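Colleague: Below, each chain spelled out in residue letters.
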Amino acid sequence: MQPTREQKLWMYENMLVSRFFEETIEKIYLEGKTPAFNMAAGPIPGEMHLSNGQEPCAVGVCAHLKATDIVTATHRPHHIAIAKGVDLKKMAAEIFGKTTGLSGGRGGHMHIFDANVNFSCSGIIAQGMGPAIGAALSRKMQKRDGVAVAFLGEGAANQGAFHETLNLASLWKLPVVFVIEDNAWGISVSKLDSTSVPRNDIRAQAYGMPGVFIPNNDTLAIFEAAGEAIARARKGDGPTLIEIETYRLAGHFMGDAEGYRPKGEVEGLRTKDPILVLKKNLLEKEKMKEGDLVKIETTARQCVDEAISFARESAYPAPEEAMIGVFV
Amino acid sequence: MQPTREQKLWMYENMLVSRFFEETIEKIYLEGKTPAFNMAAGPIPGEMHLSNGQEPCAVGVCAHLKATDIVTATHRPHHIAIAKGVDLKKMAAEIFGKTTGLSGGRGGHMHIFDANVNFSCSGIIAQGMGPAIGAALSRKMQKRDGVAVAFLGEGAANQGAFHETLNLASLWKLPVVFVIEDNAWGISVSKLDSTSVPRNDIRAQAYGMPGVFIPNNDTLAIFEAAGEAIARARKGDGPTLIEIETYRLAGHFMGDAEGYRPKGEVEGLRTKDPILVLKKNLLEKEKMKEGDLVKIETTARQCVDEAISFARESAYPAPEEAMIGVFV
Amino acid sequence: MTTQANERRLTIARAMAEAISQEMRTDERVFVMGEDIAQLGGVFGNTRGLLDEFGKERIRDTPISETAFIGAAVGAASDGMRPVVELMFVDFFGVCMDAIYNLMAKNTYFSGGKVTVPMVLMTSTGGGYSDAGQHSQCLYGTFAHLPGMKVIVPSNAYDAKGLMTSAIRDDNPVVYMFHKGLQGMGWLGTEKGAIVNVPEEAYEIPLGKAATVRTGTDVTIVGVAMGVHQGLKAADELAKRGVSAEVIDLRTLVPLDRDHICESVRKTGRLIVVDEDYNSYGVSGEIIASVVERDISSLKAPPQRVAYPDIPIPFSRPMEQWALPSAEKIVSAYDRMVKH
Amino acid sequence: MTTQANERRLTIARAMAEAISQEMRTDERVFVMGEDIAQLGGVFGNTRGLLDEFGKERIRDTPISETAFIGAAVGAASDGMRPVVELMFVDFFGVCMDAIYNLMAKNTYFSGGKVTVPMVLMTSTGGGYSDAGQHSQCLYGTFAHLPGMKVIVPSNAYDAKGLMTSAIRDDNPVVYMFHKGLQGMGWLGTEKGAIVNVPEEAYEIPLGKAATVRTGTDVTIVGVAMGVHQGLKAADELAKRGVSAEVIDLRTLVPLDRDHICESVRKTGRLIVVDEDYNSYGVSGEIIASVVERDISSLKAPPQRVAYPDIPIPFSRPMEQWALPSAEKIVSAYDRMVKH
Ligand SMILES: Cc1ncc(C[n+]2csc(CCOP(=O)(O)OP(=O)(O)O)c2C)c(N)n1
Ligand SMILES: Cc1ncc(C[n+]2csc(CCOP(=O)(O)OP(=O)(O)O)c2C)c(N)n1
Ligand SMILES: [Mg+2]
Ligand SMILES: [Mg+2]
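Residue numbers (the numbering used here), protein chains in the order written: chain A, 1 to 328; chain B, 329 to 656; chain C, 657 to 996; chain D, 997 to 1336.
Quick caveat, the hints were computed from the structure, so don't treat them as lab data. What you are looking at is a predicted structure, and each value in this text was computed from that prediction instead of being measured. Don't take every hint at face value.
[To be verified] In silico lysine-lysine, BS3-like type, Cα no more than 27 Å apart, as pairs:
1. C:K848 / A:K173
2. D:K1052 / B:K563
3. A:K140 / C:K770
4. D:K1296 / C:K923
5. D:K1296 / C:K956
6. C:K985 / C:K923
7. D:K1110 / B:K468
8. C:K770 / A:K89
9. C:K770 / A:K66
10. A:K140 / C:K712
11. A:K143 / C:K712
12. B:K591 / B:K394
13. D:K1229 / D:K1188
14. D:K1263 / A:K33
15. D:K1325 / B:K471
16. D:K1052 / B:K501
17. D:K1335 / C:K923
18. D:K1110 / B:K417
19. C:K956 / D:K1236
20. A:K263 / A:K285
21. D:K1188 / B:K394
22. B:K361 / C:K889
23. A:K143 / C:K770
24. B:K361 / C:K848
25. D:K1296 / B:K471
26. A:K235 / C:K712
27. D:K1236 / D:K1335
28. C:K956 / D:K1188
29. B:K623 / B:K417
30. A:K263 / D:K1052
31. D:K1236 / D:K1263
32. B:K468 / D:K1335
33. B:K501 / B:K471
34. C:K712 / B:K591
35. D:K1296 / C:K995
36. D:K1052 / A:K33
37. D:K1188 / D:K1296
38. A:K89 / A:K27
39. C:K995 / D:K1263
Kindly generate the complete structure, drawing on both the sequences and the hints.
Modeller: In structure tokens, the structure reads:
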């Protein structure tokens, strides 16, 4: 089913929060890293994988999830974390490595854990798939409501864990949905050079589960397909594999010169920016006023600014705290 | 195409050699292991995975292979090794752990290596698949004739390596054929309890390669399908996935009480013994005389007996030889 | 373990199964996953009987997909369950180590201690029965080296039960490495010393506490699993010559009870480490380093290791038996030491 | 490496790429496989320029399928090729260790030496730039512990080239572990000491020979990769106080040049091991044990280790920097030693 106006607005706002958040992170990340780009320098050191362009995958899916549902994401987690309702302040603080961060700075941008909303992510390709089906199994055994969604990139669909977890999820009819964000690239390797089939939804047949493909990074179509898959899982009818054609508007990580990327590709994608597309829909189909949307923008910016200042102002952990938390 | 009379006779003889070899090994394996079954005791210690019943997979495929072609097999390797032309004396000696063995006793029954015929096998599920596609890649890069065949069990088709290697083989159009021996069991776990699809040939679609299924452990049908797949690979048209419904007439390994196996299953399979089926074909379709077949039986027994006595009479390696061969 | 009258002697296999079933009765979050652990009762018998009592839902046979079901155990553990999973042979760790060391072992830390991973990974170790190089390894050092998981290596049924109970009740991930040669499965031979009296009721043995299984004054023999029994046999031999050997069973490699080892060595002045894992960059080196970095003067002679040589494990009996640690090798290590 | 006039200073990244390209020119069996090693030239620059010179057929980008392409390398190596494959970060070994340690490392032995596996597995190691717990490990001990593979850990561009050339020409499997902090990629910071003069022509450095990179008489500092540079900095510090430190670069962990270490320690009587890998059950313990088991009398003070604590690597800069080895820690280790 199509999203209601409220659902569209929720998706719009979350896409904006994600986009503003990453635009801000992008600026701050470069602090201390110019002129010479040194990943170790600045207020946000380490790798930084931005997700702008991929917001529809996050909001279209998470619009159907409760805090009690489980999401495992990837090394490119911000948009999904935001849509899943991860505490933005604590997430920002974690990305800055501050003691107020979700994990007190132990995890950073690739290891966002928020137990309150059952969100986690990790830095190893396809690594979240096992925990996702395990959480789904846990809910099934406990007869506790809950659907698990595992996000992965199209590059991850060629990793062994993909095969093993889809087979097990189907075999045990687990309440889980696998969402592939196909942004056409695995770092510098194109889907064409990594994948023996044009679309990964085809692979669902290898596990006797439904496979769905959604072209054009279409927020509303994602919402609809995800809604069906999640409802199906909730009903106990088993897993679904969804592949979404989405857009990577940035480099693989910050600092990526993208020499491997065809000229004009990114510019072309920018003209199809999913946030503008949804905005158009809100104005034309939902007859919203520019003013109302400006309000949403303002709130989105505010909550991003608050999160960032919270992160900036928070203290760094004491070095010796590194020893705490290995075991409980 | 159907096998010629000579090809049928070749397959028949190799099936007999394999069957006789394993019947002999079975007896000797139990020496020193009764009354109390202790795996460490007797002239042949360690695990012993017999392949009787699965001979059609080996001969139907290897009938199309040259010594220069590559085969990687599994922990259940005897029938395949024999059909590929592995030196039977040295193989027997290796299984006995003798210094005259293929590897001087370092490998044993699960690690049969015969470089002269490009045969190898190993004890980790699906482990041979990587080397198979690698050898295929090597031939392609060297523009040297050669097809690689990777044998695996139906249980191995749920291991990550299966997915990764089939994708890469198809992506790079490698001259390789994947042959699944579906004997319905992975130790005590039935295919039904391990696999989310009824047949693994379905999974070929996930890699854009042809998939073939052969029911009833049918030697002639295997010959035909394998012939096409191997010819296709040789022509440079890429990989094929073949699943064969075969029979495990013995336990998973010797000492397996098979309490998990439905009553009468094995007895039922014995009545469909593929060797008898082919014999019937030779007598009726090929109008062979019993006497001719007896001759073949005799030669088969002879070469098995020679191999076994060679193994028995050979010396054990000096203990310190264990230190030799880690590096060359 | 003093053995009383009308004692109940169990194999390690049965002791493990008993500990698991007792925990499953009192804690419905506990369940078991692995290959051939249901109807078959585990290739090494440590889940025998569980399917009949608890059924398919809690005793789950899996496909041959270690990455999937161990990864799944991590997710289930963090969602309120307490999985006990089996990696049939430790030799197979290579197909699923990411789920073990990067996920199971690190999620607690990555989450700042907010997400726990209470699970037990059981796995069989050890050779000596000609199962060759992919089915006979111990790999103790490989697991003990990587942070975030506790590592248990029992040498007898009493410890096996108490350590399993502690492992299941522990809120941290625990790797439970049992030695095939000590399982008490007839078909793998049987080390009598591992079959001891085991109380019916559930009990815990604290993780991180070594045990002195024989006291002595002239040399300290440190080992785990099979190494403990070889150490005890060597101690008998040495006793005949009037040499008094102390034998320490580490029981857990992580946490490692360094105090216990050092205290003994301070007393005896001599150290022999017995380790069926590969010699270099493993357990034997760590034990020796742990002693000398604290107090080098405590040693009267160079410490010795009786470990597996740095070679893949050969199939052929004479070669494998030659390469394995043994009581004889421990005794000659002592001789080397005093000759020194 | 004495640096001459009009020298040609290279980074380790360029030295590695140069060695590979020179071998590829003279030996058509050599080819490269891995993720992002073609057009991108490797995330860490060590295959830069190879695609342009050798083309897609010999410089192959792979899917994210480490088990498949490393397993494939084994099959290709045994079929007459000499693959150089890259595991982008050593931290990822968990998804493909079976292909590495059970297949690549053991097939030679399993075949009785009849099937060789001449291949090189390059992988990046090390932290210090806040890449957190799945992208900053060294895992030296993990690889060095398992038999059948040689393990190289270069500390500078001269060694990096010579060791790569030897590795490619070696008929055995070689794991080549390069440290990100030494690559000379600006974006990872740069250790100046790693950028040294590198001859144009191809040359070999024998595997298994350590190098004394600074001679001294009072203490032996042993390390690899980044640890060597930290050792040299510490030696400068100590020199200011009139303490003469000898610094040894092991260069390869397998084979391990024990003679070289012991000889130095016999001279200095003191040993400090610097290791960015985890402290326990790893490299530091092995080096210490290797010295004391040979000759305990050679040590005047308890050996010290400056290693990574047994914790997952934290993201936050203050925590990570605190946990890493450093020249300061080496100096204080020396102080502990003499205070003793
Ligand atoms: C097992 C493993 N191999 C390689 C990497 C290095 N790596 C990090 S991101 C990435 C590309 C992933 O591509 P995709 O799955 O499409 O996700 P995207 O980056 O496009 O979001 C790679 C190869 C890794 N983290 N884990
Ligand atoms: C990675 C791995 N997991 C588990 C095992 C233990 N194991 C050995 S054979 C076997 C069953 C294999 O079943 P299948 O692939 O169907 O081959 P079959 O034994 O039926 O010939 C298992 C689980 C192994 N050797 N390797
Ligand atoms: Mg992608
Ligand atoms: Mg089978």
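Colleague: Does each hint hold? Answer for all of them.
Modeller: Hints and how they fare:
For the proposed pair K848 of chain C and K173 of chain A, the alpha carbon gap of about 45 Å is over 27 Å, so the pair is violated. Restraint check: the Cα-Cα separation between K1052 of chain D and K563 of chain B comes to about 22 Å, which is no more than 27 Å; the hinted pair holds. The straight-line distance between the Cα atoms of K140 of chain A and K770 of chain C is roughly 23 Å, inside the 27 Å bound, and the hint therefore holds. Only pairs whose Cα atoms come within 27 Å are accepted, and K1296 of chain D paired with K923 of chain C is accepted, the gap being roughly 21 Å.
Restraint check for K1296 of chain D and K956 of chain C: satisfied, since their Cα atoms lie roughly 14 Å apart, inside the 27 Å limit. With a C-alpha separation of about 23 Å, the suggested pair K985 of chain C and K923 of chain C falls inside the 27 Å cut-off, and the hint holds. For the given pair, K1110 of chain D sits about 23 Å from K468 of chain B by alpha-carbon distance, which is consistent with the 27 Å threshold. Restraint check for K770 of chain C and K89 of chain A: the C-alpha separation of about 17 Å stays at or below 27 Å, so the hint holds.
Annotation: proposed proximity of K770 of chain C to K66 of chain A holds, straight-line Cα distance about 20 Å (limit 27 Å). The hinted pair formed by K140 of chain A and K712 of chain C meets the criterion: a straight-line CA distance of about 14 Å does not exceed 27 Å. For the hint linking K143 of chain A to K712 of chain C, the alpha-carbon distance of about 16 Å falls within 27 Å, and the restraint holds. In summary, the hint linking K591 of chain B to K394 of chain B is not supported, as the alpha carbons are separated by about 41 Å, beyond the 27 Å threshold.
About 12 Å separates the Cα atoms of K1229 of chain D and K1188 of chain D, which keeps this hinted pair within 27 Å; it holds. Simply put, K1263 of chain D and K33 of chain A have alpha-carbon atoms about 46 Å apart, too far for the 27 Å limit, and the pair is violated. For the proposed pair K1325 of chain D and K471 of chain B, the alpha carbon gap of about 56 Å is over 27 Å, so the pair is violated. With a C-alpha separation of about 15 Å, the suggested pairing of K1052 of chain D with K501 of chain B holds against the 27 Å cut-off.
As the CA atoms of K1335 of chain D and K923 of chain C are separated by approximately 24 Å, the hinted pair is consistent with the 27 Å bound. For a cut-off of 27 Å, the pair hint linking K1110 of chain D to K417 of chain B stands: about 17 Å separates their Cα positions. Note on K956 of chain C and K1236 of chain D: the hinted pairing is violated, with a Cα-Cα distance of about 36 Å set against a maximum of 27 Å. The hinted pair formed by K263 of chain A and K285 of chain A fails the criterion: a straight-line CA distance of about 34 Å is larger than 27 Å.
The suggested pairing of K1188 of chain D with K394 of chain B is violated, with an alpha-carbon distance near 56 Å, which exceeds 27 Å. Our distance criterion of 27 Å between C-alpha atoms is met by K361 of chain B and K889 of chain C, whose separation comes to about 26 Å. A C-alpha spacing of about 24 Å is found between K143 of chain A and K770 of chain C, which places the hinted pair at or below 27 Å, so the restraint holds. Between K361 of chain B and K848 of chain C the CA atoms are separated by roughly 19 Å; this keeps the pair inside 27 Å, and the hint holds.
A distance of roughly 63 Å separates the Cα atoms of K1296 of chain D and K471 of chain B; the hinted pair therefore is violated under the 27 Å criterion. About 22 Å separates the Cα atoms of K235 of chain A and K712 of chain C, which keeps this hinted pair within 27 Å; it holds. A threshold of 27 Å between alpha carbons decides the hint, and for K1236 of chain D with K1335 of chain D the separation of about 18 Å falls inside it, so the pair holds. The straight-line distance between the Cα atoms of K956 of chain C and K1188 of chain D is roughly 45 Å, outside the 27 Å bound, and the hint therefore fails.
The suggested pairing of K623 of chain B with K417 of chain B holds, with an alpha-carbon distance near 21 Å, which does not exceed 27 Å. Taking the CA atoms of K263 of chain A and K1052 of chain D, the gap is near 21 Å; set against the 27 Å cutoff, the hint holds. For the suggested pair K1236 of chain D and K1263 of chain D, the alpha carbons sit about 21 Å apart, so the restraint of at most 27 Å is met. A hinted pair counts as satisfied when its Cα atoms are at most 27 Å apart, and K468 of chain B with K1335 of chain D does not qualify at roughly 65 Å.
For the given pair, K501 of chain B sits about 14 Å from K471 of chain B by alpha-carbon distance, which is consistent with the 27 Å threshold. For the suggested pair K712 of chain C and K591 of chain B, the alpha carbons sit about 21 Å apart, so the restraint of at most 27 Å is met. Distance hint between K1296 of chain D and K995 of chain C is fulfilled; the C-alpha atoms sit about 22 Å from each other, no more than 27 Å. A threshold of 27 Å between alpha carbons decides the hint, and for K1052 of chain D with K33 of chain A the separation of about 34 Å lies outside it, so the pair is violated.
Proximity of K1188 of chain D to K1296 of chain D is assessed by CA-CA distance (about 34 Å); at most 27 Å being required, the pair is judged violated. Distance hint between K89 of chain A and K27 of chain A is fulfilled; the C-alpha atoms sit about 17 Å from each other, no more than 27 Å. In summary, the hint linking K995 of chain C to K1263 of chain D is supported, as the alpha carbons are separated by about 24 Å, within the 27 Å threshold.
Comparing the model with each earlier hint shows violations of hints 1, 12, 14, 15, 19, 20, 21, 25, 28, 32, 36 and 37; every other hint is respected.
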